[in-house]
Amino acid sequence: MAAREAAGRVVRQVRPILSLDAGEARKRVLNLYKAWYRQIPYVVLDYDIPKTIEECRAKLREEFDKNRHVKDIRVIDMLVIKGQMELKETVQIWKQKGHVMSYFKETQEPKPTDFLSKFFAGHD
Amino acid sequence: MAAVAAYMRNSLVRSASIFRRTFCNAVVVGSQHTTLHIHQDGFISRSVLLTPQHLPKQNASQIRWFAEAKLSVDQIRERVLKVCTAFDKVTADKVLCILFLFSISLFQRLVTSKRYFSSKPPLSLESIRDRVLLVLKLYDKVEPTKLTVDSHFINDLGLDSLDHVEVIMAMEDEFGFEIPDGDAEKLLRPADIVRYIADKEDIYE
Chain A
1 MAAREAAGRV VRQVRPILSL DAGEARKRVL NLYKAWYRQI PYVVLDYDIP KTIEECRAKL
61 REEFDKNRHV KDIRVIDMLV IKGQMELKET VQIWKQKGHV MSYFKETQEP KPTDFLSKFF
121 AGHD
Chain D
1 MAAVAAYMRN SLVRSASIFR RTFCNAVVVG SQHTTLHIHQ DGFISRSVLL TPQHLPKQNA
61 SQIRWFAEAK LSVDQIRERV LKVCTAFDKV TADKVLCILF LFSISLFQRL VTSKRYFSSK
121 PPLSLESIRD RVLLVLKLYD KVEPTKLTVD SHFINDLGLD SLDHVEVIMA MEDEFGFEIP
181 DGDAEKLLRP ADIVRYIADK EDIYE
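Note that the protein sequences, when read in sequence, are chains A and D.
Per UniProt numbering, residue 1 is the first one in the first sequence, and the count goes up by one each step.
Per UniProt numbering, residue 1 is the first one in the second sequence, and the count goes up by one each step.
Be a bit skeptical, because a hint or two may be false.
Unchecked claim - Pairs of lysine to any residue residues, derived as SDA-like cross-links and limited to a Cα-Cα distance of at most 20 angstroms, are as follows:
hint : chain 1 : residue 1 : chain 2 : residue 2
1    : A       : Lys34     : D       : Lys186
2    : A       : Lys59     : D       : Lys141
3    : A       : Lys27     : D       : Leu162
4    : D       : Lys137    : A       : Glu54
5    : D       : Lys141    : A       : Arg68
6    : A       : Lys59     : D       : Asp160
7    : D       : Lys186    : A       : Ala22
8    : A       : Lys59     : D       : Met169
9    : A       : Lys71     : D       : Lys137
10   : A       : Lys34     : D       : Ile168
11   : A       : Lys27     : D       : Asp163
12   : D       : Lys141    : A       : Ala22
Worth flagging that the hints you see were computed from the coordinates, not collected in a lab.
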């Protein structure tokens, strides 16, 4: 029990992906946010999306808030890299309208919780 | 009358005598450092390389480069009078009439309607402060009642770091220049932003 706690407190030296410390990772995140924020009006125009710029910006904020709790620097770097890849594909119009609109739709239906939803979904 | 107006317009832009001789129909639209792009009859015809040593010594001081083009009304008035008296169809007693006719309309039009491409409208500390506060009031996550010049974005106004990034981006769009990240993370109050912009635009009061 005490050994497990001690093991949890040990800091491991691992090879960084991009950032060496939390400040650098924070800068990468904020730059990614800035780049997406500036690109959103052009996304709405290029892909002719039925959403307003404010809705898209709210969705951008929501996506960033989903990962707000992450503290591990390498995980943050990986998420930033994935965000940059998405931005590149969106800027170069390698995506289509469906790919951009899929940000707005959850792919998994939430599991039914109350009785009536479970009834309509079918008893299993 | 139209000829006088056109003549004055051309001469006010470049008052050196060499231009009067050679580019009578040309309107000078822009200059960067030492090359001059002359807009002549709808086409950019030639690009003349001018440095101070190419000009005769007494005309070198008369050349006004666009980057310093902040004319005051008195300077405009004296230059207009000089050109009017030099124009041979105008005698001395008609100069005053011309002054009266052109003074109100032309001075304001000449001062405000011409856009000098490398200079910005004059800023003062108060105008910067007003613009910064206006932009912040328009931002919907900020309550206008709580907003003062010294209110901290994160502690007092309850914004988070992504909101702070959005605010800095709004300031960049408002004042037309990029704010690098290292500076942006230190700008946590409207007073800091005002001071930073005043430093960048060289406004001391």
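How the hints compare with the structure:
1. A:Lys34 with D:Lys186: Within the cut-off at roughly 17 angstroms; holds.
2. A:Lys59 with D:Lys141: Given pair Lys59 (chain A), Lys141 (chain D) holds - Cα atoms ~16 angstroms apart, limit 20 angstroms.
3. A:Lys27 with D:Leu162: Since the Cα atoms of Lys27 (chain A) and Leu162 (chain D) sit roughly 11 angstroms apart, the hinted pair holds (cutoff 20 angstroms).
4. D:Lys137 with A:Glu54: 17 angstroms, holds
5. D:Lys141 with A:Arg68: 19 angstroms, holds
6. A:Lys59 with D:Asp160: Roughly 16 angstroms separates the two Cα atoms, so the pair holds.
7. D:Lys186 with A:Ala22: Since the Cα atoms of Lys186 (chain D) and Ala22 (chain A) sit roughly 17 angstroms apart, the hinted pair holds (cutoff 20 angstroms).
8. A:Lys59 with D:Met169: 18 angstroms, holds
9. A:Lys71 with D:Lys137: 33 angstroms, violated
10. A:Lys34 with D:Ile168: OK: Lys34 (chain A) and Ile168 (chain D) at ~10 angstroms, within 20 angstroms.
11. A:Lys27 with D:Asp163: 14 angstroms, holds
12. D:Lys141 with A:Ala22: 27 angstroms, violated
This entry does not satisfy hints 9, 12, going by the numbered hints stated previously.
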